[in-house]
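K.L.:
The lines below spell out each chain.
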Amino acid sequence: MGSRQITEKSLSMLRSLPRISLGNIRNNPKSKQSSKRGRGQHGGDKHGAGNKGSGQRQNYMRLGYETGNNPFYLRVPQEHYYRGHHLRREYPPLSLHQLQTIIDTDRLDITKPIDIASIIKSGLYKFFPDQKQFGVQLTDEGADFFAAKINIEVQWASEQVIAAIEKNGGVITTAYYDPHSLMLLKNPKKFFESGQAIPRRMIPPPDAIEYYTSAETRGYLADPEEISKERLKLAQKYGYSLPNIENEPNYNMLNERKDPRQIFYGLEPGWVINLKEKCILKPKDQELLQFYST
Amino acid sequence: MSLCLRSKYLRPNLISSLFRYSTSVEAVEQNDQVLVEDEDAMAREAEIERKRNVSRLSEAHWNLVNGRRPYVEPKNWSHLTVKYNRKMYGKYGSASGVNPSLCFPSQKEIQEKMEYEAVAYPFTIKQMMETAAKNRKEQQEKILQRDSDIAAKYAKLDQWKKELLDKIAKKTAEANAAKEKKERLVEEVRRHFGFKLDPRDERFQEMLAKREKEQKKLEKQARKEAKEKVMLAKLQQKNVEISDTKNK
Numbered sequence: 001m002g003s004r005q006i007t008e009k010s011l012s013m014l015r016s017l018p019r020i021s022l023g024n025i026r027n028n029p030k031s032k033q034s035s036k037r038g039r040g041q042h043g044g045d046k047h048g049a050g051n052k053g054s055g056q057r058q059n060y061m062r063l064g065y066e067t068g069n070n071p072f073y074l075r076v077p078q079e080h081y082y083r084g085h086h087l088r089r090e091y092p093p094l095s096l097h098q099l100q101t102i103i104d105t106d107r108l109d110i111t112k113p114i115d116i117a118s119i120i121k122s123g124l125y126k127f128f129p130d131q132k133q134f135g136v137q138l139t140d141e142g143a144d145f146f147a148a149k150i151n152i153e154v155q156w157a158s159e160q161v162i163a164a165i166e167k168n169g170g171v172i173t174t175a176y177y178d179p180h181s182l183m184l185l186k187n188p189k190k191f192f193e194s195g196q197a198i199p200r201r202m203i204p205p206p207d208a209i210e211y212y213t214s215a216e217t218r219g220y221l222a223d224p225e226e227i228s229k230e231r232l233k234l235a236q237k238y239g240y241s242l243p244n245i246e247n248e249p250n251y252n253m254l255n256e257r258k259d260p261r262q263i264f265y266g267l268e269p270g271w272v273i274n275l276k277e278k279c280i281l282k283p284k285d286q287e288l289l290q291f292y293s294t
Numbered sequence: 001m002s003l004c005l006r007s008k009y010l011r012p013n014l015i016s017s018l019f020r021y022s023t024s025v026e027a028v029e030q031n032d033q034v035l036v037e038d039e040d041a042m043a044r045e046a047e048i049e050r051k052r053n054v055s056r057l058s059e060a061h062w063n064l065v066n067g068r069r070p071y072v073e074p075k076n077w078s079h080l081t082v083k084y085n086r087k088m089y090g091k092y093g094s095a096s097g098v099n100p101s102l103c104f105p106s107q108k109e110i111q112e113k114m115e116y117e118a119v120a121y122p123f124t125i126k127q128m129m130e131t132a133a134k135n136r137k138e139q140q141e142k143i144l145q146r147d148s149d150i151a152a153k154y155a156k157l158d159q160w161k162k163e164l165l166d167k168i169a170k171k172t173a174e175a176n177a178a179k180e181k182k183e184r185l186v187e188e189v190r191r192h193f194g195f196k197l198d199p200r201d202e203r204f205q206e207m208l209a210k211r212e213k214e215q216k217k218l219e220k221q222a223r224k225e226a227k228e229k230v231m232l233a234k235l236q237q238k239n240v241e242i243s244d245t246k247n248k
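From first to last, the protein sequence lines are chains Z and L. No gaps in the numbering here: position 271 of the first sequence is 271 in UniProt numbering, and each next residue is one more. No gaps in the numbering here: position 52 of the second sequence is 52 in UniProt numbering, and each next residue is one more.
I should point out that these hints are in silico values taken from the structure, not numbers from a laboratory. Keep in mind the model is a prediction, meaning the values are calculated, not measured. For every residue, glycine included, the Cβ atom is placed at its ideal position computed from N, Cα and C. Any given hint might turn out to be false.
[What the hints assert, rightly or not] Only some residues are given here: those of chain Z computed to face chain L with a beta carbon under 8 Å:
| no. | residue |
| --- | --- |
| 1 | L22 |
| 2 | N51 |
| 3 | I209 |
[Stated by the list, open to error] With a straight-line cut-off of 30 Å between C-alpha atoms, the simulated DSSO-like cross-links for lysine-lysine are:
| no. | chain 1 | residue 1 | chain 2 | residue 2 |
| --- | --- | --- | --- | --- |
| 4 | L | K126 | Z | K190 |
| 5 | Z | K276 | L | K134 |
| 6 | L | K108 | Z | K190 |
| 7 | Z | K121 | L | K126 |
| 8 | L | K91 | Z | K284 |
| 9 | Z | K258 | L | K134 |
| 10 | L | K126 | L | K153 |
| 11 | Z | K233 | L | K170 |
| 12 | L | K91 | Z | K278 |
| 13 | L | K229 | Z | K189 |
| 14 | L | K87 | Z | K132 |
| 15 | Z | K276 | L | K182 |
| 16 | L | K182 | L | K171 |
| 17 | Z | K276 | L | K75 |
| 18 | Z | K282 | L | K83 |
| 19 | L | K91 | Z | K282 |
| 20 | L | K126 | Z | K229 |
| 21 | Z | K121 | L | K182 |
| 22 | Z | K237 | L | K83 |
| 23 | L | K137 | Z | K229 |
| 24 | Z | K276 | L | K153 |
| 25 | L | K108 | Z | K278 |
| 26 | Z | K284 | Z | K190 |
| 27 | Z | K276 | L | K51 |
| 28 | L | K51 | Z | K132 |
| 29 | L | K161 | Z | K284 |
| 30 | L | K126 | Z | K233 |
| 31 | Z | K189 | L | K91 |
| 32 | Z | K258 | L | K87 |
| 33 | L | K126 | Z | K258 |
| 34 | Z | K186 | L | K137 |
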C-alpha cells in the first residue's frame, strides 16, 4: 500500500467525521466563573430540602398538629357511639307499610318466595352493598294493617315484624348474605353476563352468628323445630291464633327456603347462567362439584 | 406559495366530502363485476347489506350495535384474558366462539379461593356458636356476680348507716363535752377574779393553767379510785369463790 493511498483513506475518514461547530464545542476552561463562593458541601445550596418552613428545617410536625391552633381532631367533640362505624353492618330499613304498598301496587309477586332480589327489583328500595349495607331491615311501621300472606326472607327483623307476618299466616326468615352475594342479588343480569359460575354464599361473621342461628329471630341457620316452637310462643305472647300453614294450598311455596350456601332461588352455586341462549351450564368435574358443595 | 399548496391539497378533500362514502362506493364498484359474473344470491344479499350500511360506524361498533361480539381477533392484551372471554360468552353465548368450560374456575383458582377462605373464615359455624354462647354466659355470670355483690352490701347498709351515725353522734358529744368543760373552767377563773378579765391576759392564763392542773389531778384521783373499787370488787369475788370451793 503506497503512502498516497494512506493519505487518501485518512482524508476520506476525516471527511466523514463530524465538523466542529458551535453545537459541539465547550467553553474554555474557567471562562465562566461566578463572583461568589458558596460555602459547604454543595456550594451553599439547600441540600434539596427546599426553601423556608418545616421542609427546610426538617422538623416535620406530628400528624394533626396545627402549629398551636386548637387542632381539628380535638376541636370536634368525641362521639363514642360512632366508634367502629367503619366496621359496622348497616341494614337499610323497609317498613311493613312500604312492603304492603309494593305488594298492593303489584310490584312484588307474592305467589313466590320474596327475597332481597325481588324487593330490589320492585324499584322502591335503594340498596348499596358497597357502602357496608348488608340487606333489608324490615321495620314495624304499618304492622297493624299489614295483611299479606308471604314467604319473605330479610336480613334483619324485629319481634313485632315477625309477629305481624306470622299473624297473617306468612313465613319470615332472616338470612345473612356476604357483600359479594348482595352484589349479585342487586344486579343478577350483570353478573350472568359476566359469564362466571355462581359463587357460594359465605357464612356470617362471628358477631352476627347469634342472630342468624337463633330461632327467636327466625335465623336461617336455626333448627326448624325450634322455629316452630318459637312461632307458637310468639303467637301466645302477642295474643293471636297461629294459622296452620300445613293445610294451606300454597304450602310448598311457604315452605321454600334457600340453602345456606345458595344465593338465588332455584339456582345452585357452581352453575353458569347464559341469558343469551337461555341455558344453564352445570359443572360435572368432581373437584368443582366438591368445591361448590362445601 | 403556501396558499397555492393548500389549494392543491384542498381539492381532493372537497371531492371526497362531496362523495361522502367514496371508499365504500369504490369497493362496491369493484365487486359489482364479480357479482354479475357469479350471480350468487348470498353474496348479493351481503353486498346489499353493505350498501345499506351508511352508518359510518367502525366494524367493532357495528358489531356491537347488531348484537355481535365486537372483535373476533384480539386487539389488545386484555382480549386474551380469561375474564374477557368469559364476558364474551356471557353476553353473546356460543356465537362468541368461546369454549364455555372457560366459565368455570380452574384448579388454580379453586386452590386460591380455598386458601383465601381458610384465612377469611377461620371458624366454622359451630365453633362460632360455641364461642358466642360462652361469651354470653360469661357476661351473664358477670352481671349476676355484680348483682349478688350489691345485694350483700345492701343487706348490710342499715347496719353501716347506724354505725356511721353513732360515730358522728359520739364525736359531736365528745366535742360538746370538751367545750363545756373549757367554758366552765373559764367561768370559774372569772369568778375567782371577780371581774371581767381578758382571757388573753397573763394572770388569767396562769389561773386557767392552775385550774386545769387541779381538774386533771381530781380526774386522775377519781380514775384511781374507780380502778381500786373495781380491783376490790374483783378480789372480793375471788375470795368468795375460794371460800366457796373450800366449803365444798
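K.L.:
Give a verdict on every hint.
P.N.:
Here is what the structure says about each hint:
1. L22: Hint on L22/Z: violated, closest Cβ of chain L at ~30 Å, above 8 Å.
2. N51: Violated, about 45 Å.
3. I209: 4 Å, holds
4. K126/L / K190/Z: 35 Å, violated
5. K276/Z / K134/L: 51 Å, violated
6. K108/L / K190/Z: 25 Å, holds
7. K121/Z / K126/L: Distance of about 34 Å is beyond 30 Å: violated.
8. K91/L / K284/Z: Between K91/L and K284/Z the Cα gap is close to 23 Å, so the pair holds against 30 Å.
9. K258/Z / K134/L: 29 Å, holds
10. K126/L / K153/L: 41 Å, violated
11. K233/Z / K170/L: Violated, at roughly 61 Å.
12. K91/L / K278/Z: At roughly 11 Å apart (the allowed maximum being 30 Å), K278/Z and K91/L satisfy the hint.
13. K229/L / K189/Z: Roughly 110 Å separates the two Cα atoms, so the pair is violated.
14. K87/L / K132/Z: Holds, at roughly 27 Å.
15. K276/Z / K182/L: 112 Å, violated
16. K182/L / K171/L: 17 Å, holds
17. K276/Z / K75/L: At roughly 24 Å apart (the allowed maximum being 30 Å), K75/L and K276/Z satisfy the hint.
18. K282/Z / K83/L: 19 Å, holds
19. K91/L / K282/Z: Since the Cα atoms of K91/L and K282/Z sit roughly 18 Å apart, the hinted pair holds (cutoff 30 Å).
20. K126/L / K229/Z: 22 Å, holds
21. K121/Z / K182/L: Violated, at about 95 Å.
22. K237/Z / K83/L: Status violated; Cα separation ~54 Å.
23. K137/L / K229/Z: 23 Å, holds
24. K276/Z / K153/L: 76 Å, violated
25. K108/L / K278/Z: The hint holds at about 29 Å.
26. K284/Z / K190/Z: 25 Å, holds
27. K276/Z / K51/L: 29 Å, holds
28. K51/L / K132/Z: 53 Å, violated
29. K161/L / K284/Z: Given that 30 Å is the threshold and the Cα spacing comes to 81 Å, the pair is violated.
30. K126/L / K233/Z: At roughly 26 Å apart (the allowed maximum being 30 Å), K233/Z and K126/L satisfy the hint.
31. K189/Z / K91/L: 10 Å, holds
32. K258/Z / K87/L: Answer holds: K258/Z to K87/L is near 27 Å, not above 30 Å.
33. K126/L / K258/Z: 19 Å, holds
34. K186/Z / K137/L: Distance of about 38 Å is beyond 30 Å: violated.
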